[in-house]
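K.L.:
Below are the chains, spelled out letter by letter.
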Amino acid sequence: MTSPVLRVSGLTKVFGAREREALRLAAEGLGRDEVYRRTQSTLAVHDVSFEVARGELFVVMGLSGSGKSTLVRLLNRLIEPSAGTVEVDGRDLRALDDAELRRVRNQKISMVFQHFALLPHRTVRENAGYALKVRGARVTEQRERADWALETVGLLDRADARPDELSGGMRQRVGLARALAADSEVLLMDEPFSALDPLIRRDMQDLLERLQSELSKTIVFITHDLNEAMRLGDRILMLKDGRTVQLGTGPEIIAAPADAYVADFTSDVDRTRVLTAGDLLREPRLTARLGDAPGDVLRALGAVEANGVYVLDDGRRIAGVARDHLLARAVQEGRAALGPQELVTDFATIAADRPVVEFVHLLGRHPVPLGVVDDDGRLLGVVPRAAVLDALSAVPVTGRRS
Amino acid sequence: MIPHVPLGQWVSDLIDWLLATVPWLFDGISSVMQVLVDGLTDALVSPPPVVWIVVATVLALLLRGPWLALYTLLAFLLVVSLELWVETMQTLALVLVAAVIAAAIGVPLGILAARHRAVSVAVRPVLDFMQTTPVFVYLAPAVFFFGVGVVPGVVATILFAIPPGVRLTELGIRQVDREVVEAAQAFGARPGQVLREVQLPLALPSIMAGVNQVIMLALSMVVTAGLLGAAGLGAVVVRAVTQLDVASGVEGGLAVVLLAIFLDRLTASFGHPTAVSRLLRARTRRAAAGAAGPVVPAPRSEAAAPAEAPASR
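If you're matching them up, the sequences are chains A and B in order.
For the first sequence, this note's numbering begins at 1 and goes up steadily by one.
For the second sequence, this note's numbering begins at 403 and goes up steadily by one.
Pulled out of the complex, with its shape left as it was, chain A reads as follows:
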């Protein structure tokens, strides 16, 4: 990880007149409801801290009312923080005057909105080039950057249309293009795909993943959909009542939800898309090597109550699988060392980063568990079917929604 582009610490926002008092009560650990009861002020976000590295896609996940929309607006000071700091490339945004802040917004941080927020009286191209217009760029440059951004999101052929002539998914492509054209380092995305149909949402997620692999922006992505969070996010911050509940990678959160609130979410997650072979692999209980004595291997098989074993070569690459009956014949025929004639290819392998959904059909069909291999074919571990079933069925029942 490189140095963080975005560093947020102790970020807090109180809406209401009695801000000081609300801050004091919040610092004492009182919850949002209690703070409101005593001060009639709403504790929208309290003491949120995180860092986002260059090129990271950081997801903030929470239900409506969790403060996530407020949080993302604190990051570019569309809403003025009550306390805490927001640093972009080491500069504290709260120390900037209005003109400097506008420059940072124009050049360093771009935002994508839930309901697209396009200018209805401007063409798609003019919308895409808006940041450049604001910074006073030449018309040709505005057009160039806007067309590049529109081409990147696959919408250049609609550049002369007006937003109301486009479908929702296309409008959000324009919203994305507008952010890309600004060429800023940081992208704030406030539930950008929530207003779209599920199929279009998938398309847009694909598009974002593709863009991210090409452009490597530093993204803060807000969502209320944990499947979306798990799919897109490098790391996920779980927000509840304005406070951080958990911060970690998707599999970390699934594996160990911090509390009932998070567990509640994870119970709805499609784990087959989140958990990867790498998350589930374990040391094989037994492996054999080329040249081992068939009798020794057969005895070891008996000891672990298995009927097949991976045979590895000197580089830990899989040479094949040794079956018990073939080992027995080799012993009868007096062969001293395991060789190719004792091996079968009755096994399957998968790369460590593939999700369960891609290998679930391979499980349990072979005498040996699924092998997890690296790019060179070396065996990293195995995934027994029982381990997958165990992980998929492990729903923490601490706080299921009714």
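Just so you know, the hints here were simulated from the structure itself, not pulled from any lab data.
Just so we're clear, the structure is a prediction, and the values are computed from it rather than from any experiment.
One or more of the hints may lead you astray.
[Said to hold, decoys possible] Simulated restraints, written as ranges between beta carbons of each label pair:
{"no.": "1", "chain 1": "A", "residue 1": "151", "chain 2": "B", "residue 2": "526", "range": "46 to 54 Å"}
{"no.": "2", "chain 1": "B", "residue 1": "518", "chain 2": "A", "residue 2": "121", "range": "34 to 42 Å"}
{"no.": "3", "chain 1": "A", "residue 1": "33", "chain 2": "B", "residue 2": "532", "range": "40 to 48 Å"}
{"no.": "4", "chain 1": "B", "residue 1": "549", "chain 2": "A", "residue 2": "140", "range": "58 to 66 Å"}
[To be verified] Reference listing, derived: stretches of chain A covered by chain B, where coverage requires no fewer than 3 residues with Cβ under 8 Å from a Cβ of chain B:
{"no.": "5", "region": "117-125"}
{"no.": "6", "region": "331-340"}
[To be verified] Some chain B residues flagged as far from chain A (calculated, every beta-carbon gap over 10 Å):
{"no.": "7", "residue": "592"}
{"no.": "8", "residue": "644"}
{"no.": "9", "residue": "647"}
Glycine residues also receive a C-beta, built at the ideal position from the N, C-alpha and C atoms.
Since the structure of chain A is already known, use the hints to place chain B on it.
P.N.:
The following block gives chain B in isolation, referenced to the frame of chain A:
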């Protein structure tokens, strides 16, 4: 017993004091208005009626279409045949001057009220007062300040017509989608840019509805202005009433209605796409589509349906 509060006396004293202190102000306003109304009246009356009838008909055709054009032609011909052309043009001049000034005051005030809550709170009761005070109450002070004739009529008309301009402008700006305003701010737009490029264009239909109301209210004031000695249809109606002349009263009233319908239908189109602008846009887009050459197929599913819709509609 509750003592009598001499409220009316205070206002009357205030008016006396103003007249004694800044007479040049009222004289100035008075002569500017007089020049504006006289100039516009001359321009409307001096050419033969057919010139302005053709202009109005073409305007109606371009802004609204053939039906309003037909109406305009027939209505204005009827006015000519009633021998009320000059009076109608005098009234039109008065209405236009009053409406332009009322809009010039009301729209900026509405913008201010939308941007600053304090202005909004301060302005609201004043507007209530202006809208609900019986019109005749304006007349006496207007005569004191500006004498008799067309100017007090214009001033009373302006006062009466300002409130909808303010209210609908404020409402229109407040109703602009918050996220769109945020988007402009998020890309670093200055407050002035946000106002010019986002709030005003998006509030335009509402602002123009306000301007339409300003014009209609101004027109409804012309009879009252006639009482103060302003020439025009108001004078015709007032004379008819005082002489119990039903025939010319009906004719004068009808001319007011004909003018009102024309102005309302014409200005109701403000802020909405007109026949001309629709035509122009369809043409530029067809040209653009033709220049673009082979269209790259938009990727992914949702692009397909709307993208293949014809460019013009």
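K.L.:
Take the hints in turn and mark each one as holding or not.
P.N.:
Status of the hints after comparison with the structure:
1. Under the hint 46 to 54 Å, the C-beta atoms of residue 151 (chain A) and residue 526 (chain B), about 50 Å apart, fit the expected range.
2. Checked against the hint of 34 to 42 Å, the C-beta distance between residue 518 (chain B) and residue 121 (chain A) comes to roughly 25 Å, which is inconsistent with it.
3. The hinted window of 40 to 48 Å between residue 33 (chain A) and residue 532 (chain B) holds, with their beta carbons roughly 46 Å apart.
4. Taking 58 to 66 Å as the suggested C-beta distance range, the pair residue 549 (chain B) and residue 140 (chain A) conforms, at roughly 60 Å.
5. Chain B is given as covering the region 117-125 of chain A, and this holds because 5 residues of the stretch bring a CB closer than 8 Å to a CB of that chain, at least three being needed.
6. Coverage of the region 331-340 of chain A by chain B is violated. Counting CB-CB distances below 8 Å, 0 residues qualify, and the rule asks for three or more.
7. With a least beta-carbon separation of about 7 Å from chain A, residue 592 (chain B) fails to lie farther than 10 Å from that chain, contradicting its non-interface assignment.
8. In this structure residue 644 (chain B) is separated from chain A by more than 10 Å, as the shortest Cβ-Cβ distance comes to about 52 Å.
9. No beta-carbon of chain A comes within 10 Å of the beta-carbon of residue 647 (chain B); the shortest separation is about 52 Å.
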